[in-house]
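As given, the protein sequences belong to chains A and B, one line each in that order.
Per the numbering used here: the first sequence = residues 11 to 394.
Per the numbering used here: the second sequence = residues 1127 to 1418.
Do not take every clue at face value.
Chain B side only, calculated, beta carbon under 7 Å to chain A, not exhaustive [stated by the list, open to error]:
{"id": "1", "residue": "1257"}
{"id": "2", "residue": "1385"}
{"id": "3", "residue": "1388"}
With a straight-line cut-off of 35 Å between C-alpha atoms, the simulated DSBU-like cross-links for lysine-lysine are [claimed, not checked]:
{"id": "4", "chain 1": "B", "residue 1": "1181", "chain 2": "A", "residue 2": "381"}
{"id": "5", "chain 1": "A", "residue 1": "251", "chain 2": "B", "residue 2": "1181"}
{"id": "6", "chain 1": "A", "residue 1": "188", "chain 2": "A", "residue 2": "386"}
{"id": "7", "chain 1": "A", "residue 1": "301", "chain 2": "B", "residue 2": "1181"}
{"id": "8", "chain 1": "A", "residue 1": "383", "chain 2": "B", "residue 2": "1181"}
{"id": "9", "chain 1": "B", "residue 1": "1181", "chain 2": "A", "residue 2": "224"}
{"id": "10", "chain 1": "B", "residue 1": "1181", "chain 2": "A", "residue 2": "304"}
{"id": "11", "chain 1": "B", "residue 1": "1181", "chain 2": "A", "residue 2": "303"}
{"id": "12", "chain 1": "A", "residue 1": "383", "chain 2": "A", "residue 2": "196"}
These are computed hints drawn from the structure, not numbers from a lab.
Backbone N, C-alpha and C fix where the C-beta goes; we use that ideal spot for every residue, glycine too.
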Amino acid sequence: MPVKSIRQSLLLAGLVMVGFAGPALADGTVIIPDVIELSGAGAVSGTNWRDGAMMAVNEINAAGGILGKKIEMQHFDTQSNPGVSRAQVQKALDLEPYVILGPIFSGSVKVNMALSQAAEIPQIVGAEAAEITQAGNPYVFRTAFGQQFSMPKIANYVRDGIKAKTIAVLWVNNDFGKGGRDAFTKEMAKRDIKVVADVSTEQGQADFSADVVKIKAANPDAVFVYSNEEEDARFIKEARKQGLSMPMIGETTLLSQKVIDLAGEAANGVQGHVSLSADAPIPSIQAYAEKFKKTYGYGSDHNGIKGYTAVYLVKYITEKMGKFDSKLFAQTLHGLTVTPEQTPGILMEASWDANGDIDRASFLAEVINGKQKITKILPKLGSK
Amino acid sequence: MSAFLQLLISGLATGAIYAIVAVGFTLIWQTSQTINFAQGEFVMIPAFFVLAAMKLGGLPFWAACLVGLAVSVFVLGVMFKQAIVDPMLKHGVLPLVISTIALSLLLKESAKEFYSSQAQPFPSLVPSVDLNLFGAVISTQSLLVLGVAFVTVGGLNLLLNRTRFGRAMQATAQNRSVARILGVPVERMVLATFVINGLLVAIASILISPIYLVKFTNGETLGLAAFIAAIVGGFNQVRGAIVGGLVLGVVDNLSAAYISAQYRGAFPLFLLIAVILLKPEGLVGRREERTV
Chain A
11 MPVKSIRQSL
21 LLAGLVMVGF
31 AGPALADGTV
41 IIPDVIELSG
51 AGAVSGTNWR
61 DGAMMAVNEI
71 NAAGGILGKK
81 IEMQHFDTQS
91 NPGVSRAQVQ
101 KALDLEPYVI
111 LGPIFSGSVK
121 VNMALSQAAE
131 IPQIVGAEAA
141 EITQAGNPYV
151 FRTAFGQQFS
161 MPKIANYVRD
171 GIKAKTIAVL
181 WVNNDFGKGG
191 RDAFTKEMAK
201 RDIKVVADVS
211 TEQGQADFSA
221 DVVKIKAANP
231 DAVFVYSNEE
241 EDARFIKEAR
251 KQGLSMPMIG
261 ETTLLSQKVI
271 DLAGEAANGV
281 QGHVSLSADA
291 PIPSIQAYAE
301 KFKKTYGYGS
311 DHNGIKGYTA
321 VYLVKYITEK
331 MGKFDSKLFA
341 QTLHGLTVTP
351 EQTPGILMEA
361 SWDANGDIDR
371 ASFLAEVING
381 KQKITKILPK
391 LGSK
Chain B
1127 MSAFLQLLIS
1137 GLATGAIYAI
1147 VAVGFTLIWQ
1157 TSQTINFAQG
1167 EFVMIPAFFV
1177 LAAMKLGGLP
1187 FWAACLVGLA
1197 VSVFVLGVMF
1207 KQAIVDPMLK
1217 HGVLPLVIST
1227 IALSLLLKES
1237 AKEFYSSQAQ
1247 PFPSLVPSVD
1257 LNLFGAVIST
1267 QSLLVLGVAF
1277 VTVGGLNLLL
1287 NRTRFGRAMQ
1297 ATAQNRSVAR
1307 ILGVPVERMV
1317 LATFVINGLL
1327 VAIASILISP
1337 IYLVKFTNGE
1347 TLGLAAFIAA
1357 IVGGFNQVRG
1367 AIVGGLVLGV
1377 VDNLSAAYIS
1387 AQYRGAFPLF
1397 LLIAVILLKP
1407 EGLVGRREER
1417 TV
């Protein structure tokens, strides 16, 4: 056989094989990209989310996948940058995904959720800024409380638990921090608690001495701290150094194990509301936390739980529908309640409303001897 | 008054960190006319060397610090010069600048990939004790950073001005051709500068990591602040880096407390623009004239 004919035959055989392999791959897998903060300021949160999500993917794939299809999850790093996150969501959409997971940073979600909305692909996010689910996007869903749900809970605690009349608010100057600050000060006003110091800080800030000086001068009954992990830790250390004696109150991040590890003894005494916690006295969460630590060699934070439950949520909805239909997925999830009895991977009963906001039980906690201790379980808002 | 003193002392402590990093900028600029845009990452990396020596090598902290210093001198001093600066400088300053930007990305991503993306706590060289000074609180860590900054600049000034070796380095910085004619081993002098920079960044890294925590993104903030500090103080003077760093730290703190915390990031840039417009050689820099 002439060399040219051999080459042509091989090429043809190759094309035929690719032709068969393509649909076979598409038939055997479901594409769920994960657009997440793997570098930059959000790396701690994003890494936890990714590892939690991958743990769920591996469990589900090992058990046969979703409706017989294995999950194919590719991670796209947003670099904690809203502009990059938008480009990454576009890349993820080019894969023709079933559902998109992430990101966590509110600023990123705000600029990229319109893309998945236009493509009619559900996006399950870790962001907490209130306005995300108030923009009328039927394809965006949360895995944790929006600030409009968490801030009333923490505000009640400031009024009834701490019994504060005045408060200082220290927040990080990004979409997450600004949104939290706005929601919190609104709740303070409703409860006649006066905000005597309103201190903005920068992402990546290392020196908090000026901020502590300002808060000391205002002499509030308590300080509400709303920033990212490393900045929280640095602030706590500086506050203790300068002898800031009033209670430091936070929402989820401030009480995370990462902050406790970084701040060391200075974190003792910090208290507040935790929407999700790997230390929650709930057997399913404790089993998850143990497995996560065994798998990755470090303890999961709330973002790990968000990533894990997001994947199980996709599994549950899809199996409930009996088919892969992105548009129907979004319609089905609105107004739905999922319980651990229906799918154990959801860990705690959770409900999604018409806006894509989540409601579930949450916790009051305090850091004691370098560990987060849950002091009270608060019921779902909807169950009151 | 105690609040002002607190801000001043904290600002000086932060400024001292910027200053140590900025010294490296000025040293390398003086001897090889190179701006190392990976300088921030050079300060970030040695802390990872130390942690890796502790975690993987099982070494105690002090021994791990020695390993970190040695590896930094070799990798960030000798290897940086031989593998990047020498080959790229032949093609002009711009390719070298781009190479150092690429190097900064490589170092950052490598630290993230091979160690961790998460911030790590770092042991302190001195016990963390807070001292009260007229109502202002300063930690022993901050005092150590301040002390090392002044000892560094003092030592470097002595080395550069009072020793034969230092004068040879200065001659190399001023005119390589003439220095070579006078018998100065120019290549060795340039290498010495990079070695000193490798040592400085390692010292800076070990000093600041208990405060900044160890994270692959640390170089971004530090590199920019140190670069601004070097320009503000004077790029062609080691003492300029110290003055620039301290001024920047104090301005940052005072502006955040007394003007606006929300715009604190803008004030160092205002200062930079003012210096470039009004005193382009820097606050204590030397005016230079060049033929173009």
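Numbers of unmet hints, in rising order: 1, 2 and 9
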